[in-house]
Structure formats: structure tokens, C-alpha cells
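Asks: Please model the complete structure; the sequences and the hints are all you need to start from.
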Amino acid sequence: MKYQTQKLAYPYFAAALILFLVQVLAGVLAGSIYVFPNFLSDTVPFHIIRMIHTNALLVWLLLGYFGASYFLIPEESEREIHSPTLAWLQLGIFVFAALAAVVSYLFGVHEGREFLEQPFWVKILMVISLLLFIYNVTMTVLKGRKTVVTIVLLMGLWGAVLFFMFAFYNPDNLALDKLYWWWVVHVWVEGVWELIMAAMLAFLLIKMTGVDREIVEKWLYVIVGFSLFSGLLGTGHHYYWIGTPEYWHWIGAVFSVLEVVPFFAMVVWAFYLVYRSGRDHPNKAAMLWSLGCPIMAFFGAGVLGLMHSFPSINYYTHGTQLTAAHGHLAFYGAYVMLNLAFFTYALPALRGLQPFNQILNMWSFWLMTGSMVFMTISLAFAGVIQTHLQRVLAMGFMEIQSQVDLFYWFRLGSGVFFLLGALLFIYATLGPVREQVAVQSGAK
Amino acid sequence: MAERLTKSAARNIFYGGSIFFLVVFTLLTIHSHYYIKNVSTDESTLTEAVARGKHVWERHSCINCHTLLGEGAYFAPELGNVWVRYGGRDNAEGARMGLKAWMRAQPTGVEGRRQMPQFNLTEQELDDLIDFLEWTSRIDTLGWPPNDAG
Chain A
1 MKYQTQKLAY PYFAAALILF LVQVLAGVLA GSIYVFPNFL SDTVPFHIIR
51 MIHTNALLVW LLLGYFGASY FLIPEESERE IHSPTLAWLQ LGIFVFAALA
101 AVVSYLFGVH EGREFLEQPF WVKILMVISL LLFIYNVTMT VLKGRKTVVT
151 IVLLMGLWGA VLFFMFAFYN PDNLALDKLY WWWVVHVWVE GVWELIMAAM
201 LAFLLIKMTG VDREIVEKWL YVIVGFSLFS GLLGTGHHYY WIGTPEYWHW
251 IGAVFSVLEV VPFFAMVVWA FYLVYRSGRD HPNKAAMLWS LGCPIMAFFG
301 AGVLGLMHSF PSINYYTHGT QLTAAHGHLA FYGAYVMLNL AFFTYALPAL
351 RGLQPFNQIL NMWSFWLMTG SMVFMTISLA FAGVIQTHLQ RVLAMGFMEI
401 QSQVDLFYWF RLGSGVFFLL GALLFIYATL GPVREQVAVQ SGAK
Chain B
1 MAERLTKSAA RNIFYGGSIF FLVVFTLLTI HSHYYIKNVS TDESTLTEAV
51 ARGKHVWERH SCINCHTLLG EGAYFAPELG NVWVRYGGRD NAEGARMGLK
101 AWMRAQPTGV EGRRQMPQFN LTEQELDDLI DFLEWTSRID TLGWPPNDAG
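Taken in order, these protein sequences are the chains called A and B. Letter by letter, the first sequence follows residues 1 to 444 in the numbering used here. Letter by letter, the second sequence follows residues 1 to 150 in the numbering used here.
Since the hints were derived computationally from the structure, they do not count as laboratory data. Think of the CB as a built atom: it goes at the ideal place given N, C-alpha and C, for glycine as much as any other residue. Just to be clear, a hint being listed does not mean it is correct.
[What the hints assert, rightly or not] DEER-style ranges, computed between Cβ atoms: (1) A:M165 x B:N91: 39 to 45 Å; (2) A:W366 x B:G17: 36 to 42 Å; (3) A:V392 x B:N120: 20 to 26 Å; (4) B:G17 x A:D280: 55 to 61 Å; (5) B:T45 x A:W250: 29 to 35 Å; (6) A:I128 x B:N120: 33 to 39 Å; (7) A:L423 x B:A9: 44 to 50 Å; (8) B:R138 x A:I128: 39 to 45 Å; (9) A:L423 x B:R113: 48 to 54 Å.
Replies: Put into C-alpha cells, the structure is as follows:
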């Protein structure tokens, strides 16, 4: 680690991992309510737990991006972060806002649009924190060496801030509300966040494979180009049944197909670079996560998303457990694995150690990835059955739910294994360092 | 390959293409905005009560169990067409009474059945919420959902 201010990433990653644990715990609770419907129904009803599950996810992913930015920008820009004080202030505000949101949810204080439930003053605190962050990193990049990685990362981060502003527009007309709600939700996860993802992945690949920066960066442009070309109009696949015009049907279908391209390109890109380098990086766990991330993103976000994005299919599958199946693997593959890859790569340097607890870390990879795949398949089965019974045979919702109970048990089981995997990851990265496993010679 | 596509060409395609698609997306969204206001929803019946009902819906975060036009959580039934499911098109008064009675009766406490909390809505809030759901059921969703089950 060449720059002192890179250390700012450490508290961000620690905070992110704590909220990751909150998210997974809430997920296990929500999964438990699916099979024990009376559990917690009087004290903390399902809607509160789900709010914590989804919000904690978004917040810890953002904390991960912030930390990763503070880690990689000094190295890319070849200078220290503009203001470490602001970075600490930003962290304090953000973590306070996140915890305040969780507490207020537990007391039933929240707004009511999905994922944007944060009370107004929490949203304001989040914006202040985002602005402090964006100012700090932009100043650093502007004063230092400009690389494609930092430029793409900054565009993603700026985009995330700008599009979040639509969270403050909530018209009384429900169809209009939904039209603009997607400008935050879709444009974040299928647009600007992909820029952040590609930039962070590019940094990891440059560092770990040692392949010429020129080649990595050229393809970075190609990939993020495809992300935005396809992602912006890809919003169309959310505009099928909410009162929007019918032309979105073919726009949504065409651009949903194209949305798979950047994810597939990231798989090819990552594997090609690793193959080409022929280098054996000592942080094998970070390499595993970095290669696993694009693969799972391709299947979860790309393939599973595409499968129900055609209007003729979506007419039947819209708003069923299939959406939940896709959502889980997409977020895990694209953004959770990305952050865990980055943490695994950066934490040895941040803690002043050689790569450590590699075997434990890789166990957590297989535990979490395996159980998330299992959960996705369980929910997909539930979703297909629900689609047929409800949308084709017009059977009542509650009656169907009892028929797919078995799959909810599977989901809870995989959720428990996922929790074990998450705990193992946190122990492996933040916990005590076990005896060093001798690194094979030649791995430098 | 490396010779055909240079880095600066890739960069220019990225910037040019992104701006192009952002402009197209913005224009289509503006068109959709007017389409919603004038064609697919009935703004003339978007009364104060409907707007208040939307806030009741939001204040209790109904979206985190139910779906509304297919969006939300998938834990409880779709409510975009609940008005139709309760027969509101034929018997508005009956549907209103039925929905109120249902919400007042929660939670059922039945073992092994998903529980809806008791939100203690006032008579006014119940009416507003039902007005909102009735208004929502009249949004032109191009024939979705496929049937009354939602």
C-alpha cells in the first residue's frame, strides 16, 4: 500500500461487513416467517423485516463502493485522498443514517415506496454524505493522474448520486410515481452501478494479472458502453404493465437481450486477462471471488433476468417468486461478490499482512455461492408453479402459497447456510490470522 | 482486433452512445409522462381522497408484503386489482364494506397462516385507502393481470 489515506477503506469495509450481517440475519428471519407465519407477527411484522433486509443490502454495498474508491483512487491517481477528515465525517454521517433508519423501522417510522423507505431526514443525511464523498473523490481524481478506471468509477458514482434525486419526487398519480421510481431503482442497479462494478473489477484485474493497462482499459470502455446502451432503455422491461405506453414492450424486449452482453463480456474479459497473464497471484481467494463475480452476475442478472423479460412471458411471471429468485442471484453475483472480492483483495494490505486465512475465505465463497444458487433454484421452482396456478389457472394467492411450502423450507435452509458462509467470511477477513500457509514458490 | 478498435475509438463510442441513449430514454419518458396523464390514467378522478389514500398506503408500507401492479414484496396478494376481485365494478358499496371488514378483522391469528398486522386505520383512512385502490384498478395496464386472482 503506497498511500496512507488508502487506510480509510478499512473502517468502511468493517462497517459494510457489519451491515452485511444485519442484512443476512434479516433475510433468515424473513425466510423463517415464510414457513412459520405466526413467528414475530405481533412484534416485528414481515414488512419491517423485509425493509431492513433490502435497505441494509443497499447501504452496505454503497459503503463497500465508498471504501473501494478510497482504496483504489490514491493508487490510480498517484496521490493522497483530498481530505481524510471529510472521509471520516462522511462515514460517520452515513453509518448514523443507516442505523437511525433501522431503529426507526423497528418503531414503525418509515416512508412507503419500496427500497426508498428511509424517512425524509435520513434521505437528506444520505445525500449530504454522498455529496461529501463525491466532492472528496472528484477533487482527488482531478488533481492526480487520470486513468480510465477512475473516470469510469467517478461517472458511476456521480450517476448514482444524480439519479438518487428522483427518490425525492413522489407524485400522487401512482403510474407516474412508478415511472420515476424506476429512474432510481433500475438505473442504479442495471446502469450506473454496472460502471462502478466494471471499474472495480478492472482495478482488481490490472493488479492481480499484471496485464497491460491499455488492453484492460480499452475493453473497460467497451463493456461500460454496452452497460449503458442496453441498461438505460432496458428500463423498458419495467414499463410493461404500469400504465406506460405499449411501445415499451418491444423496446424492453430488445434491450433486455442486449443487457446480457456486458455481463457476458465481463466473464470473457476476466478469464481472458487471467489466462493471458499466466501469473499466479498469491491472493488466491481474491482471484476466486473476482472470477466468480462475473460468472454469477452473468447467470443471475443476465440469464435469469432475460428469461422473464419478454413481455409475452412477463405477462404471466410478473410479480411472482420468479422475480425474487432473479433478484437474489443478481444482487449476490453482481454486487455482493464484487464487494467481497474487493475486501478480500484489499484487506491484507489494509491490515499490513500477507494474504491470510485463504482457505477459510474460499470455504466461505463456496458456502455462500452454493447456498445462493440453491436458494435461487428453490424460489424459481416456487415461481414457476405459482405462475401456472395463479396466472393460468386463476387459483387464489394464499391457496397457492401453501402448495409451494416445500420450496420455502429449501429457501430457509439455504439461507441458514448462507448465514454460516457470511459469518465465516467475516471471521476470515476481520478475525485473527491463522498460521500462514506457505505460499508456493514462484507465486509473487 | 487490437488494431481495428483503438482505445480512443472505444472511448468515443462509449461517450457518444451513452449520451444518445440517455437522450432517447429521456424523450420517451417525457412522452410516457404525458401518456400517463392523458391516456392511461384518469386524472380527473384523482381526488384529494385518492392522494390521501396513497399516503395511507405508503405510511404503512403495504408494498413490503403486497404487490401493486406486480411490484413490491411477494408475501401477500396483488392489490392493483383487489377492487375488481372484491366485485367493486358491479357492487361498489359491497366491495367497500368487504375490504373494510377484512382490514378490521386483522390479524386473524390463525395458526400457520400469514398474518396481516392491525393498522388501526380510522374510518376516513379506510375510505381514502379504498378510493386509492379503486382508482388504481382503473389504470390502463394493457390487460395485466391475466385474471382476477392478480
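Asks: Under the constraints set out in the numbered hints, which ones does this structure not fulfil?
Replies: 3, 4 and 9
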